Structure formats: structure tokens, C-alpha cells
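Novice: Protein chains in written order, with numbering that gives the first Met the number 0: chain A, 0 to 307; chain B, 0 to 289; chain C, 0 to 254.
The hints are simulated quantities; they were obtained by calculation from the structure and are not laboratory data.
Here the structure is a predicted model, which is why all the values come from computation and not from measurement.
Beta carbons: idealized from backbone N, C-alpha and C, even for Gly.
Listed next, with one range per pair, are the computed distances between beta-carbon atoms:
no., chain 1, residue 1, chain 2, residue 2, range
1, C, 18, A, 24, 47 to 55 Å
2, B, 206, C, 141, 37 to 45 Å
3, A, 18, B, 87, 39 to 47 Å
4, B, 205, C, 18, 41 to 49 Å
5, B, 208, A, 24, 53 to 61 Å
6, A, 18, C, 114, 18 to 26 Å
7, A, 62, C, 138, 44 to 52 Å
8, C, 117, A, 62, 49 to 57 Å
9, C, 184, B, 124, 54 to 62 Å
10, A, 44, C, 101, 27 to 35 Å
11, C, 226, B, 103, 30 to 38 Å
12, B, 271, C, 114, 31 to 39 Å
13, A, 133, B, 85, 49 to 57 Å
One side of the interface only, derived from the structure: several residues of chain C facing chain A at Cβ under 8 Å:
no., residue
14, 53
15, 79
16, 83
17, 86
18, 88
19, 91
20, 94
21, 96
22, 100
23, 106
24, 109
25, 131
26, 134
27, 136
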Amino acid sequence: MTIEPRPPEGLRNWLLSDTPTSRNHARMAALYQSWLSFRGNQMAMFGLGILVVLVLVAAFAPLLAPHDPFAQDLMARLKPPGTPGFVLGSDSLGRDILSRLIYGARITLYIVTLVAIVAPVVGLFVGTVAGYAGGWVDVVLMRITDIFLAFPRLVLALAFVAALGAGIENAVLAISLTAWPPYARIARAETLTMRNSDFIHAVRLQGAGPLRIIIRHIWPLCISSLVVRVTLDMAGIILAAAGLGFLGLGAQPPTPEWGAMISEGRRFILDHWWVATMPGLAIFTVSLAFNLLGDGLRDVLDPKEGSQ
Amino acid sequence: MTQAPDANLLEVEDLWVKFPTRSGIFDAVRGISFSLGRERLGIVGESGSGKSMTGRAILRLIRPPGRVTAKRIDLEGQNLMDLSERQMRAVRGQRISMIMQDPKFSLNPVMRVGEQISEAYRLHADTSKAEARRKSLEMLEAVKIRDPELVFTLFPHEVSGGMGQRIMIAMMMIPDPKILIADEPTSALDVSVQMQVLEIMDNLVQDRGMGLIFISHDLNLVSAFCDRVLIMYAGRVVETCRADRLHEATHPYTRGLLNSLPRLDAPVDRLEVLKRDPQWRDEHSISGQT
Amino acid sequence: MSGILIDRLNVWFGEHERRVDAVKAASLLVPKGGSFGLVGESGSGKSTILRALSGLVPTWTGRMEVLGTPLGKKRDRRFYRAVQMVFQDPYASLHPRHSVDQVLGETLSLHGFRDIDARISRLLADVGLGPAFRFRYPHQLSGGQRQRVAIARALAPEPEILLLDEPTSALDVSVQAEILNLLSDLRRERNLTYLMVSHNLAVVGHICSDIAVMQLGEIVETLSVQQMRAQDTRHPYTRHLLESSLGAIKSGAQG
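Work out the full structure: start from the sequences and follow the hints.
Specialist: Following this line, the structure appears as C-alpha cells:
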């Protein structure tokens with residue numbers, strides 16, 4: 000076995016070192032190596048790029064948007080893209096579509112972040128406890144999971160709206176409640192595989208209790224699959240939020256949520272295609288970006304690579 | 000291609016296998032040369048020595064970004080390096096076959112045993128299903144399986160390790176290859192079953208005048224079973240000798256390996272630990288050509 | 000005082016028709032400070048006995064005693080301080096996301112030690128690993144190094160008994176010698192009691208003084224290593240195992 004090394008450079012060498020000198024060094028080195036792996040995947044980097052742009056756009060919306068997203072100008076209704084002052088055209092109330100898309104990015108990010116935090120965490124918890132405990136705990140938790148899995152997203156959202164009123168927060172809650180079961184399933188499957196491995200036996204033989212084993216040993220290994228699954232699900236979550244907005248159950252007018260914008264533009268699709276299509280393209284682009292990112296993350300975080 | 004009956008079946012010259020990695024190019028095999036006649040050639044080494052890679056390189060089973068280069072890999076006079084992938088497929092299985100370590104992983108778990116063997120046969124010979132079945136049963140008998148008709152209908156998980164490996168041998172021998180490469184064929188088997196499987200493999204190879212490349216980490220096994228041995232370390236061949244003379248080997252690495260084995264009949268207080276000399280890495284590869 | 004006592008142990012898995020008896024009426028005695036080998040082929044039940052001792056198997060009958068204390072269904076802290084296990088596959092016995100430091104640190108803190116830093120350094124030195132290995136992750140270690148870490152982990156609570164489940168089967172020949180030497184040294188230095196499972200008679204012959212031969216869940220013969228070497232065996236299966244192991248060596252050595 001011979002390795003011809005590349006010429007060393009300070010920080011890079013420290014990060015690539017295979018004899019770390021402290022806990023933090025080890026962690027940084029591991030992260031860096033994962034990053035290098037990820038960086039090699041061009042499509043994933045492209046996805047990441049788009050998402051970085053999304054975050055920046057959302058953060059600097061007031062600076063980037065040419066117009067106030069709520070400002071109506073009935074003289075400038077339904078102007079096509081390219082009209083001076085309306086790069087992507089204007090909608091039925093004369094509002095600038097580009098500005099509404101830019102502010103809408105904030106809402107999209109808000110929804111996506113909330114669901115991405117709530118659903119996998121609940122799923123992780125339920126799945127690992129069910130998988131590790133086994134027996135009737137497993138059966139009960141999994142049947143509860145099945146119940147939630149059986150609900151079609153929009154039906155549950157309708158129920159919520161009927162009970163609590165329409166709005167973004169309730170829409171997010173509704174989406175999270177239907178999104179967590181698949182994560183529970185994944186977490187449970189991973190836990191079942193790991194439960195009988197030697198490293199779990201070894202820590203049991205040191206007197207570790209089930210809580211410590213689940214939190215310190217099983218969760219770190221489940222997290223990779225969940226992260227990958229969440230990014231791949233993002234597209235679906237955005238579309239679900241858009242769907243709710245489309246039905247008028249999510250964001251309420253005049254909020255510039257992308258799905259609601261598509262709904263408003265539905266009436267004009269034949270003669271003024273841009274009103275519905277622009278937000279549609281935005282959703283498409285962000286969903287694609289998350290998919291590419293998820294694929295790239297899966298290649299990097301695949302536990303097979305980690306355990307061999 | 001007419002060949003003299005005692006000419007070598009396989010000639011490998013200056014074989015290199017390289018893998019690009021983040022920290023440079025990793026050379027798994029570094030310029031080895033050897034030949035194989037109608038004999039049993041053992042390639043012995045530890046993990047990382049490049050022995051498995053050698054077997055795979057001959058069959059061009061190494062996928063990019065790994066790269067295989069050689070001055071030549073001559074199979075009965077024809078250079079395999081010149082063949083296209085399509086032509087190589089006609090070589091694999093038909094002229095050179097390979098048996099791997101664990102039949103659990105090399106047999107398709109959802110196909111019945113009989114189907115798999117028949118498929119292997121029909122890939123290289125244009126025959127009817129009935130003829131393929133007949134040939135498969137014949138092969139199962141040749142590997143000493145007592146109830147071939149029954150085993151023909153079983154799934155791989157229903158047979159024991161030893162039987163699974165014999166089925167693999169049957170499958171790989173059915174197209175009548177000239178060379179068999181066996182990569183740790185008995186490592187996953189129990190000791191008593193090992194002997195049985197090796198005997199069967201040996202008989203078949205001798206009867207058909209084939210060449211056998213036996214790759215293993217087990218020095219004693221190789222010395223008992225093969226005719227000639229190549230010892231590999233760090234991608235190079237460090238020593239070659241006759242198998243029955245293995246215990247008289249001279250290279251310090253080979254001696255180190257031999258002396259570090261615990262022996263039931265020769266107890267010691269402490270086992271000799273192999274001291275790796277970095278010089279071994281840089282020595283020229285010994286030629287295993289005859 | 001006995002180290003390990005097993006009397007008519009039965010272990011089974013599954014119920015009714017699906018019941019598989021992995022160990023049948025096994026009995027053995029390992030004196031304190033002794034070194035005992037369990038040999039057999041796959042399916043003989045040898046590893047199952049170790050698992051039953053460590054409390055990883057729920058369904059068993061019979062009597063098991065460790066250092067004079069009988070064992071029940073569960074194991075307690077005292078047991079884990081006295082008895083530790085080294086597993087076969089170094090690639091599976093370390094958590095892939097925990098560094099060596101984390102593995103040893105967690106073990107030490109679970110057993111209530113305070114001077115963790117000092118002990119980690121000492122443990123690593125005891126198994127022949129320098130401080131450079133302390134913060135590495137398993138995928139940055141070779142098989143032999145991982146097994147050393149596994150041994151260090153087993154030594155952390157300062158046990159008196161080590162259960163060794165084929166500790167060198169997955170290792171290269173040259174590494175095996177190092178690990179076997181390490182195990183012999185440790186036993187001598189700390190007066191440990193070993194119960195080692197292996198399919199390799201030569202390895203067992205090097206480390207152990209007494210051997211029990213298992214076949215299909217039963218101990219068919221118990222003999223000393225001298226008897227094994229002198230081929231003074233009683234049961235035909237023992238003879239068969241001996242012959243299979245020596246067969247290859249003999250023909251190789253005869254030259």
C-alpha cells in the first residue's frame with residue numbers, strides 16, 4: 000500500500016490529520032472530511048447553492064424587493080414579465096410578482112423549518128423507543144403511528160381549520176402531524192437493526208440503562224437517515240403547504256405565500272400565464288434543490304461508510 | 000490459437016491496480032508478474048496485500064475510478080487487456096471463473112439453486128432448459144452432493160455453508176473454464192468442511208487439466224493444498240516457492256508470518272511478533288513466472 | 000474459590016415447535032485465575048454460553064455462578080465490574096460515531112470512576128496504543144487497533160474475569176500474534192480468569208490450560224491442553240477436530 004501525499008498546507012493538514020489531538024480536533028476533522036466528500040458531488044452543491052440563495056433572499060427581502068409586496072396598483076394589473084418596473088410581471092391587483100416571491104420565500108422557509116424540526120424529532124422519539132423497548136410498547140406506539148399515517152394530509156388540515164381557524168401556524172401543525180410517521184418507521188427500523196449489534200451489547204455490559212443507550216448510542220446513528228429523509232421530503236412539505244394555501248387553508252390573503260399565489264393566478268392561467276407560473280417555478284426550483292441536497296447528503300452520511 | 004500442451008495458461012506481466020483517493024493515489028497492486036500453468040498456484044497475504052485485487056484485476060472486475068494496467072495479461076496467448084468489455088464478458092465464467100468467500104453473498108437468495116446453475120450454463124451455451132437441467136444435476140453430483148434432485152429445488156438459505164460453496168463450485172465449473180480463481184473459498188467454513196470442499200475442488204481441477212489460483216490468508220492451508228505459492232505484501236510479491244517447501248522460506252516477512260502462528264504441537268510462551276521492515280515495501284516484486 | 004461455575008445449563012430460543020436448543024446440559028468449572036477454552040464449530044453453542052453468562056440470553060435453566068455468587072435473570076453493577084467481554088468482530092464492537100476517548104470515557108463514568116483522563120491514558124498504554132490514538136474514530140483504526148480498544152474497554156472497570164468470544168478470528172495472522180501476546184501478558188499481570196471461545200485449536204492451545212469441546216450444544220469432552228497435545232482424546236469428535244486442525248500443518252511441515 001503506498002500513498003503519494005499532496006503537499007501539506009497548514010489548516011488543511013490539521014483538518015485532514017488522522018491523529019487528532021483533542022475531542023474538538025477529532026470532530027472538526029470528521030466534519031471537514033464529510034464536507035470534502037459532499038463537495039465532490041456537483042449536483043448536490045448546486046442544490047445547496049440554490050438553498051443558500053433562498054436563505055439570503057429571505058433574509059434580505061426588504062433590501063432586494065423592488066416593491067412593497069402588498070402595494071396594489073390597479074392601473075398596472077396583469078402586466079407581463081419584462082414590463083419596466085415589473086420584472087416578473089404583476090398580478091390581478093397590480094402587485095409586483097417578484098417582490099411577492101421574495102417575501103414569500105420567508106414564509107416558505109418558516110413553514111419548512113418548523114415542519115423539519117417538529118416531524119423528525121417526534122418520529123425519532125417514537126421510533127427509537129418502540130424499536131428498543133419492543134413488546135407491547137412497540138405495538139402500541141406503532142399502531143398510533145399507523146393511525147396518523149392513515150390520515151390524508153389535506154383532510155386533517157381541513158379538520159384543523161374547522162376546529163381552530165385557517166392560518167399558517169395551523170397549516171404547519173397539520174402538516175407536521177401527518178409528516179412524522181414515516182420518520183418513526185425509519186427510526187424504528189434502524190433501531191431494530193442496531194439493537195443486536197455488538198457495540199450495543201458491549202455498552203449494556205458496562206451497565207448502561209436503556210435511556211442512555213437510546214440517546215447516546217442509537218440516536219446518533221439514526222440521525223443520518225432522518226436528515227436525508229427530511230431533505231428529500233422537503234419538496235413534499237413545500238407542496239403540501241402550497242396545496243393548503245391553494246385551498247385557502249394556509250396563508251390567508253394578502254400574504255404572499257407561493258401556493259396561495261398560484262391559487263390566485265389560476266383564473267388567469269390562459270391569458271396571463273405568469274401570475275400562476277412564476278410562483279410555480281419558484282416551488283419547483285426549491286423542491287429540486289432540496290432533492291439534490293438530500294441525494295448528496297445520503298452519499299455522505301450513509302452509515303455503511305461510517306461503520307466500515 | 001494453438002498452444003503447446005505444457006504452455007502456460009495465464010501470463011501476467013507488470014500488473015498494477017490503482018485507486019485515486021482524496022489523499023493521493025493508492026496502489027493496491029504494484030507491478031507484479033506471474034504465470035499459471037496447469038497447476039495450483041497459491042497467492043498468500045494479509046489484508047491489504049493486494050491478493051484479492053489481483054484476482055479481480057485478471058477478470059477485470061475492478062470498476063472505475065480504480066484502474067488496472069499491465070504489460071500483458073495473456074490467457075492462452077491472447078492478451079485480455081486488448082479485449083473490449085463485451086468480449087471480456089465471454090471470458091468471464093466461460094474461460095476464467097471465480098469463487099468467492101461466502102456463498103451466502105455470492106448466490107442469489109431469491110432464486111432456487113437449480114435455476115441459478117442452469118442460468119450459468121445457458122449464458123454460455125445455447126441449449127434447451129431440459130439440457131441445462133440435466134447438465135446442472137450432473138455437476139451437482141460431481142461436487143458430491145448426495146441428493147441433487149432435491150438440492151436443485153432448494154433456496155440458498157436452506158443449504159449449509161459447505162454445501163453452498165460446493166454449489167458455487169458446480170456453478171462456476173459448468174461452463175468448463177480453463178482457469179478457476181478461488182478467493183478465500185473456505186474461510187467462512189468450519190474446519191471439517193474445509194477439507195471436504197478443497198478435495199472436491201482439487202479433484203475437479205485435476206480431472207479437467209485446469210489451472211487454479213487459490214487466494215488465501217491461511218499459510219498452512221495453502222502449503223498443504225497448492226503446488227506453488229506467491230507471498231504478497233504491500234502490493235508486491237516478496238517471495239515465491241514450492242508449496243511443500245513453504246516452511247523453508249527465506250524472506251523475513253514469510254518467516255515472520257510462519258513463526259507468529261500458534262502451533263498446537265509446538266507450544267511457546269510468547270508468539271513471535273512480525274516486525275515490519277519498511278524496506279520490504281520498496282523491494283522489487285519477485286517474478287512468479289515460470 | 001471458583002471463577003466460573005456452570006452446572007447443567009440449558010439455553011433455548013423460540014417456543015414450542017420453533018424451539019431451538021442452543022446449549023444442552025453443559026457443565027464446566029473455571030478456577031479463579033485459570034484459563035479455559037471452549038472449542039467447537041459453528042452452531043455448537045459455545046458463544047451462547049458466553050452470552051448466557053453475561054445476561055444477554057433470557058431463556059435458560061440450570062445453575063451459573065461467578066466468583067461464588069449465583070446468577071439470576073438480571074445482572075447488576077457488581078457483576079459488570081467483575082466480568083467483562085471482548086467480542087469477535089472488531090468492526091462491530093465499537094460504536095462507529097464514538098471516538099476511542101468517548102468509548103473509554105463513557106465506560107469509566109458508568110462505573111463511577113472520577114479520574115477519567117488519567118485512567119484513559121493508562122488504559123491505552125496498557126494495551127499498547129499510544130496517545131495518538133485517543134481521539135480517533137473506529138474507521139481510522141485497523142482491525143488490530145480496534146480490538147485493542149475493545150480490550151481496553153473491557154479492562155476499564157478492573158474486572159477479574161474476561162469472557163473472550165473468538166477475539167482473534169477476524170484479525171490477520173501477524174496481528175493475531177500481537178493480540179494473543181497482549182492477552183497472555185494481561186492475564187499474568189492481573190491474575191485474570193479467562194473463558195475463551197474459539198474454533199481454532201492452536202489459538203486455544205496457546206492461551207488456555209483446559210479445554211471443553213462442544214458439538215451441537217453439548218460438551219462432549221473436557222480435557223487439559225497437555226492431553227490435547229498428546230492426542231490423548233476420548234470422544235471421536237475431539238479426535239476429528241484435532242485431525243482437521245493438525246492435518247494441514249503436518250503436511251506443510253513435512254516439506
